[in-house]
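**Q** Here is what each chain is made of, one letter per residue.
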Amino acid sequence: MKFLKSPKFKKYFFYGIAMLVMYLIQFTPFMISIGGVYFSPMLILTLCFASHETDFHTMIFSMICGMLVDVNSLCPIGFHAIVYMLLGVFVCLMNKFYFQRRFSTAFVISFFPIVLNAVLEWIVGTKLCENAVYLLTDFYLPSAIYSLVMFIPFYALFTLLFGFKRVNNKPRGVVPEKLEMVRRKYAARAARARKRAARVQKVK
Amino acid sequence: MRFFFKSKRFKALLSIILVIAVLGGLAGVFMFTAPQSNIFGTIARPFQSAATAVSDFFGGIANRFSNSGEFEQKNKELQEKLDEANYNLTDYENVKRQLAFYEDYLKIKKENESFEFQPAVVIGRDTSQPFGTFTINAGSSAGVSLYDPVITSAGLVGYVGEVSLTQSVVKTILNPTLNVSALDNRTVDSGNVTGDATLARDGLCKITYLPRENLVAAGDFIVSSGEGGVFPKGQIIGTVEQVKSSGNDLGYYAVIKPIVDIATVDEVMVITAFEGQKSLKPSEQK
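Chains as they are written, first to last, in our numbering: chain A, 1 to 204; chain B, 1 to 286.
For the record, the hints were derived by calculation from the structure and aren't laboratory data. The structure presented is a predicted model; accordingly, all values stated were derived computationally and were not measured. Hints are all accurate, no fakes.
Okay, the calculated bits of chain A under chain B, using three or more residues with CB under 8 Å as the criterion:
id, region
1, 70 to 76
2, 118 to 127
3, 130 to 138
Incomplete in silico selection of chain A near chain B, CB under 7 Å:
id, residue
4, F27
5, M31
6, G36
7, Y38
Just so you know, even glycine gets a beta-carbon here, dropped at the ideal spot from N, CA and C.
The shape of chain A in the complex, shown without the other chains:
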């Protein structure tokens, strides 16, 4: 019962609701198309999640999102699950080791996964049939750009709803994991220096 009241459970419960809502937006006639092109709400949700959660949780969440997309598409079962998982983990690790978790970095990092997802869907969906390049330039890449544009309001919405915060309150330019590594390195160095000093004193 305590677990049901815990903030963690509530957070994942609302993530589940968000997943369901985005799934409905993607596969039922709620989507607004621009020139016959649609964006990918499930991919956007995956990348927003990956920007703020740990790699393990991102893997599971992305895989579930991908499987939901697979169920309603003609791509081989597991295709989207694997692609979303890999892209989600990529974004998560990039944010973890090289950037601070904020909107601008999430937006920049998400550009590559969105475009790569579009290209992969083009390859698998068209099976490189005749005139397939026409679809890449006329449908899949515009769809990627549309997804990138829609990433902005959805990221803002999820930040508001889930209260995505900075992982730490350190000032700019300081990456928490790097800080921890540096701290451990100097702590080890200090410990070695103390041992050396103790040995020298014993000898004396």
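Following the hints, complete the assembly by docking chain B onto the known chain A.
**A** What follows is chain B alone, placed relative to chain A:
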């Protein structure tokens, strides 16, 4: 006391009572309205009206409290009757819609008695591809299997590309990886209906491998020929928009507008079995 009975006041009061009594008696005997009645009635009327209104008001409140149980019961009964009427009306509309849906398929069934149908509703569309792929709510538990043709009362839509227990994904004729052996209904020129990357965005497909001497013209109906055993014979695929040369090839192809609007179709029929159906995998473009 003696002084009161002897006083002028007592005498005046007695005379007034006498007059009233005489007038009342005469009014009673001779049937006319006594003047005192009119006088007192006029004076008392506004007070009577006010008293009646107040009495009605408090009486109504009392009535409400005392009969509230009865009113509640009546209200409940009426609400139940209303709910039942609303339910019947909704059910009626559903039945009417289903009847209209099945009437069209009855014609197809009469013409093709070997067909076994499974009705299905479109529950989702794949927007990550431009080929109109959609999901229906009939799966293997309803008897649907892979490559079963999907039609509407108007014509052919495609076939089942993926099946799960409770739903299936339909590959439409706009998909370049789907092939349907077809022929022109008027000229009997045969060809192969398939999707095209450049035409799919406009909701069109094409019939390829038309012979050089074909007589296909705009407006002709393209129907399935039944060859290969994947699609039944005679299903309308679409109408010819224009005939074009294949470029370097010696053949021709024709642009087809599908008879079914794939972007807006919401109810379909899956043909789970028909005469001549073969279980071979259909050839797909690579």
